[in-house]
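Assemble the complex: chain A is given as a structure, and chain B with the ligands must be docked to it using the hints.
One line per chain: the protein sequences are A and B, in this order.
Heads up, the first sequence is in my numbering, so the first residue is 1 and it goes up one at a time.
Heads up, the second sequence is in my numbering, so the first residue is 1001 and it goes up one at a time.
Think of the hints as simulated: they come from the structure by calculation, not from any bench.
One or more hints might be untrue.
[Unchecked claim] Covered, in the sense of this in silico footprint (three residues per stretch, anywhere, with C-beta under 8 angstroms from a C-beta of chain B), are these stretches of chain A:
id : stretch
1  : 12-23
2  : 110-123
3  : 130-140
4  : 145-159
5  : 163-174
[To be verified] Listed next, the in silico DSS-like pairs over lysine-lysine satisfying Cα-Cα at most 25 angstroms (straight line):
id : chain 1 : residue 1 : chain 2 : residue 2
6  : B       : Lys1074   : A       : Lys146
7  : B       : Lys1041   : A       : Lys131
8  : A       : Lys142    : B       : Lys1083
9  : B       : Lys1187   : A       : Lys84
Quick reminder that beta carbons are idealized off the backbone N, C-alpha and C, glycines included.
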Amino acid sequence: MEKHEQITLFKEKAEAVQTSVIEIGELQQAFLYAIEVTKKQGGSTIAAPGLAQKDSDALSAFRALCEENGVTLVTENLRSQIGKLHTGFTVADHAVAETATLVQDSSSEDVRIATMLSEIHVAVLPASRIKADAMSLENELKEAMKAPPSYVAFISGASRTADIERVLTIGVHGPQELHVLILDENVD
Amino acid sequence: MISTPHDVKEYRGHLKKALKNTFLGTTLDNFATSYRASRAKAFEGMDLEGLIQEIAQGKDASIPYLEELFTLFKARAEAAGAKIHVARTATEANEIIASIAKDNGVRKIVKGKSMTAEETFLNTHLEKEGYQVTETDLGEWIIQLRGEGPSHMVMPAIHLSRQQVAELFTKITGAPQDPDDINGMVKVARRELRQAFLEADMGITGANFAIAETGTIGLVTNEGNGRLVTTLPRVHVALVGFDKLIPDLQSALRVLKALPRNATGQAISTYVTWITGANDCAPGPDGRKEMHIVFLDNGRLALARDPVFSQALRCVRCGACANVCPIYKLVGGHNYGHVYIGAIGLILTYFYHGRENARAIVKNCLNCQACKSVCAAGIDLPHLIKEVYRTVLEVEGKKPVKNILLNRALKDRRLFHFLLRRAYLAQKPLAGGGDLIRHLPFFLSREHGFRSLPVVAKTPLRDQWERINPRLPNPRYRVALFGGCVVDFVYPEQALALVKLAREFNVQLEYPMEQTCCGLPAKMMGESETAREVAIQNLKAVDPTEYDYILTLCASCGSHLKENYPRLLAGDPGLQVKVDQLRDKIMDFSSFMQNVLKVSSEKFDGHYRKIAYHSPCHLCRGLNVTQEPRELLKTAGLDYLPAKDEDVCCGFGGSFSVEFPEISAELLKRKLDNVEATGAEVLVTDCPGCVLQLRGGMDKRGAKKIQVKHIAEVVADSLKK
Ligand code: SF4
Ligand code: SF4
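Isolated chain A (complex conformation):
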């Protein structure tokens, strides 16, 4: 029940910052989603760093799906691929419902490049990782900071500016779209 409330709140707040959110029941759906939006937008490369460490089986599955669909999947040395990356694909570590914020450990340079220099960012968010507010994540954040070096990113929506006549414009330096796929494995 509480988890559900957090999801609802996250979705509501995400809307306010132009983040698209859908709920999925298994990781496979996220792969298909990423492939589909990449192709639809005319992209051909997905960067999914960090997935290997998290789940190597999943990575193999993703790779197979990408091959099937004619999409290139890259996972490392991303610096040499800047300019070619269409979709950055990550699994978020935590999230804050109150502000629709993803918390992404970005200590690896590849994760940073995938989430900053791709045209769009697709992030899987395990439903159990959503907390009400940032204060509730204090311990988890501190842990990361106490095991340096570390680079922890809060991401709430797509890159934006209002620097020209205060007109809100999305996509100035970072990704132009943020897609969050809430993964709730107990739901069918």
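Frame of chain A; chain B with the ligands shown alone:
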């Protein structure tokens, strides 16, 4: 390059020019309006006051220990592979950063937005040393290309129109840009700056937080340029003021809760980045980032030890104090600060950029309290502005003649009141028998002609008091009236209205004759010693224990008595108790009617029809009274028509309107325009100073004139016969 006038005369020239810039005036006005709404929405359902208190207390607790926090930070950050430097001055900071660049064979540099780097004029220094520096925040990039400084701490290019940006980008790209295609222009920046990111060897950022317990820096941005600046180049330098040191993550998260909401009305900025140590970076030595953090003192550590000014270090650079400032709204940031802008800019300029740059701008404050009421860190900005003004006067040792005269007059009540009585005779030929002076006396120049001036009353209130104030046999309350100079000598009729109501509701009024000016004008002119002396005189004249309440018709006197007396007389054991008692008993007219007398609407029949209301700064923010006057209007059977910006200053500000007549006139014009737009027949307010300004301005308007009255007058007139 930024240049700020060093004297008021030159400064007024700049202000006049800014007032003619209609784009600026409209943009900032729209911004102020939408900011209010989005801020309110962002904090909806939160205990905002409590949060501000917590932030202020947290900051106050760490300010005395900045050096200890630094030691801890240094140990942690060094253990994580960062190199820590301390710069005592701005020049030292620039030199340290230039030498880091040199040691690392850097040629090209990208920068994230940093007010601290603006403070040290880092770009100028690095460019002189031969480095190519590119600002990557869109607004900063635009002003860098134009060779300007920021005009707002959060939105540096807010003073520019889309046409100006299009023109600039046309020049940069060589291809014509459509000013209405803002998205297209943003994409130009995306393209151009992407190249700069890829080519840079070094990235420079500021930091919003330096967390001591972990040696972490926190960066808050929307565009994401800060992330690229800290990721792509092999060297990262963060330039951080000592004031950004904070003990732990919890304190940082607390500030983060308020910062974006207060800055732009966003629940959170798009990217918040926490960096601890030298991270993974392919082109860096051994695959690690070359990470440097330069802590800037530049007067901060001395400021931290100052009993009055240390609270300026609480500032979290949200920019809100500019957003709501009525003067900022008229003239923009280039005319309202030096590098730092808005209320906090008037203060910090003195400490970081010197007296010359602070001298003129620090006078340009109405004391309207709008900034204070939104400050994320609860800084008493108007008070500190006056304290800076006072310090500048003291340090320069050259008091303006008007200060010397004011001091002499105020310290001697008899002399002061004698002078006021004499004024009646002096002005007679100018007034031509009316109650307003339409043509100015010779010593005021034409700029002051935007309002008629009131004539001093023939018989001041104090001379009529015994005659007009009846003795009641069994009064409900015994109440002292603190008149204030304007009611006493200019508008005694406002007190007469009060007397009428007091009789009706069985309240015995008293007018302690030894009372004098509350002393606010002295404080406004930086004369705290005089302010202190008159405070003591008034405390001797009005002993709070003798009365149930102490009533004032003047919001400015009321808030000065309540808020500044304790400050002026702090540490004076004999007076402290009396000050506290006074504080407990001071009340404004509307609160007294509504909350104490609880007057019933049956007594009134609403003598006037359509009423507009102006909410005086010192009532709504000084005394926190907002509901009572509006409710009282309803109680009195009056038809209240809300106007736009009711609680924005009318531009009076006491001596302010004499020092900066153009600003005062423009604020007055906007106020009266808003009032006229309601279709009201009478404009009501509860401060005689505002009445003076509003009535004088209304008199000068050609069209159908709206009457201006004190709320006590319309309520007394509405009593059933
Ligand atoms: S008191 Fe009013 S005029 Fe002075 S800085 Fe604050 S908002 Fe501006
Ligand atoms: S002084 Fe207060 S309102 Fe102004 S920028 Fe600093 S924190 Fe924000």
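Hint check against the structure, violated hint numbers in rising order: none
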